[in-house]
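Peer 1: Top line first, the protein sequences correspond to chains A and B. Okay, so the first sequence: first residue is 1 according to the UniProt record's numbering, each after it adds one. Okay, so the second sequence: first residue is 1 according to the UniProt record's numbering, each after it adds one.
Just so you know, these hints were derived from the structure itself, not from any lab. Be aware that a few hints might be false.
The list that follows gives simulated cross-link-like pairs (lysine to any residue, SDA-like), each with its CA atoms no further than 20 angstroms apart [to be verified]:
{"id": "1", "chain 1": "A", "residue 1": "126", "chain 2": "A", "residue 2": "228"}
{"id": "2", "chain 1": "A", "residue 1": "17", "chain 2": "B", "residue 2": "221"}
{"id": "3", "chain 1": "B", "residue 1": "53", "chain 2": "B", "residue 2": "191"}
{"id": "4", "chain 1": "B", "residue 1": "228", "chain 2": "A", "residue 2": "20"}
{"id": "5", "chain 1": "A", "residue 1": "126", "chain 2": "B", "residue 2": "59"}
{"id": "6", "chain 1": "A", "residue 1": "13", "chain 2": "B", "residue 2": "135"}
{"id": "7", "chain 1": "B", "residue 1": "126", "chain 2": "A", "residue 2": "134"}
{"id": "8", "chain 1": "A", "residue 1": "133", "chain 2": "B", "residue 2": "135"}
{"id": "9", "chain 1": "B", "residue 1": "17", "chain 2": "A", "residue 2": "224"}
{"id": "10", "chain 1": "B", "residue 1": "228", "chain 2": "A", "residue 2": "18"}
{"id": "11", "chain 1": "B", "residue 1": "228", "chain 2": "A", "residue 2": "234"}
There are 2 protein chains.
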Amino acid sequence: MTMTSTDSGSTPKPPAKDPWDLPDVSGLVVGVLGGTGDQGRGLAYRLARAGQKVIIGSRVAERAETAAAELGNDVEGLVNAECARRSDVVIVAVPWEGHAKTLEALREELAGKLVVDCVNPLGFDKRGAYALKPEEGSAAEQAAALLPESRVTAAFHHLSAVLLQDPEVERIDTDVMVLGEARADTDLVQALAARIPGMRGVFAGRLRNAHQVESLVANLISVNRRYKAHAGLRVTDV
Amino acid sequence: MTMTSTDSGSTPKPPAKDPWDLPDVSGLVVGVLGGTGDQGRGLAYRLARAGQKVIIGSRVAERAETAAAELGNDVEGLVNAECARRSDVVIVAVPWEGHAKTLEALREELAGKLVVDCVNPLGFDKRGAYALKPEEGSAAEQAAALLPESRVTAAFHHLSAVLLQDPEVERIDTDVMVLGEARADTDLVQALAARIPGMRGVFAGRLRNAHQVESLVANLISVNRRYKAHAGLRVTDV
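Can you build the whole structure from these sequences, using the hints too?
Peer 2: Below, the structure is given as structure tokens:
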């Protein structure tokens, strides 16, 4: 089983790397595409409040600037293309309906960047939310297909936008499942999640297993209705 | 949005029922089909140890009897059909490969019973585990299609068979996501999960949202490999 890029063929295995030995990401610029939506605003706010340099992107510069001013914490607002160009890590928090189109248009600006897809393809009817299955398997795999020169990961699916955006909330006690193909990339996203008080980033597999992580949000919506909660997830025993 | 059977049309809503007001299930007989496999044995052991009357089923009576004797705690072992007939609640813990065939053969015995599907349709290759998508949407929906006269729910997907079976482990601190169409049924399964020390049963939606809950086991397998853990899940804020 190939688990890391160093674990190949019949050569002797090096000692396993400590999964909690994560890089310092405090100097990276984080862009948030769809940064004027609830999820994007919430993530931008939490990361900026934790000391990260954050730029939010929107199709319209003015909307990005207005949202950024509201978020404070030195958040900047730019059009999506400029946001992508200026950032080291780009979180994709656009609505599912605009996902493919937005990413296709930013292929060049996102080349070489670490892309973090947090989009949940869901449908809604009178019985509640349900999973939509993208042709590529998941939103994250669609991003990977559309952005062959980017490093695509998936994370931040199960966070409550309400809690993220509430300035009275000091800690958000939840885990962030991080998926991706390259350990250096998932380690970096895990470290980014860990910047937010109460959160841990937990590696949770390759992109081919992103669909169930994305669509589990439909279940959390059911939980929220039944228990009048803002549910998240903790992974136990890690 | 119809959330419960009492919440219909334009009649005034009754006060919401407390979601933690669950029935007493201590008198129910629980059958476990596939009770000689790791997951089935583990669940049978935990429920019996908690004081529940448990019968494990197998295709071969002798194998069921042997496994039952090993589990102690008054567990009985019977052939699948007899196990189903004698039980009030029947947990389906057979391998995915035998799922449809086993249930088809037990349609009569399972009529009127509360069926709890805990099967995870997964494939494995050298890169690890990945989700299989049943034609019906999920293992649970396949069960519902094959058992029109049973009350089908889904639960107990994310439990470590290692922890379940280890007699030294006193508590298993994890939540059990329970899915189903009828509140009386999911309440009952939640109450059953809560019999095991450390566990809670949490309502997590309808059967149409079972696929992602079943296939999330592929992600937990990745977690277990990376962190050398027996991962489970807690739902936060409930």
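Peer 1: Taking the hints in turn, state whether each one holds.
Peer 2: Quick rundown of the hints versus the structure:
no.	hint	in the structure
1	A:126 x A:228	18 angstroms, holds
2	A:17 x B:221	18 angstroms, holds
3	B:53 x B:191	15 angstroms, holds
4	B:228 x A:20	12 angstroms, holds
5	A:126 x B:59	42 angstroms, violated
6	A:13 x B:135	40 angstroms, violated
7	B:126 x A:134	25 angstroms, violated
8	A:133 x B:135	14 angstroms, holds
9	B:17 x A:224	15 angstroms, holds
10	B:228 x A:18	11 angstroms, holds
11	B:228 x A:234	17 angstroms, holds
Of the hints listed earlier, those the structure fails to meet are numbers 5, 6 and 7, in rising order.
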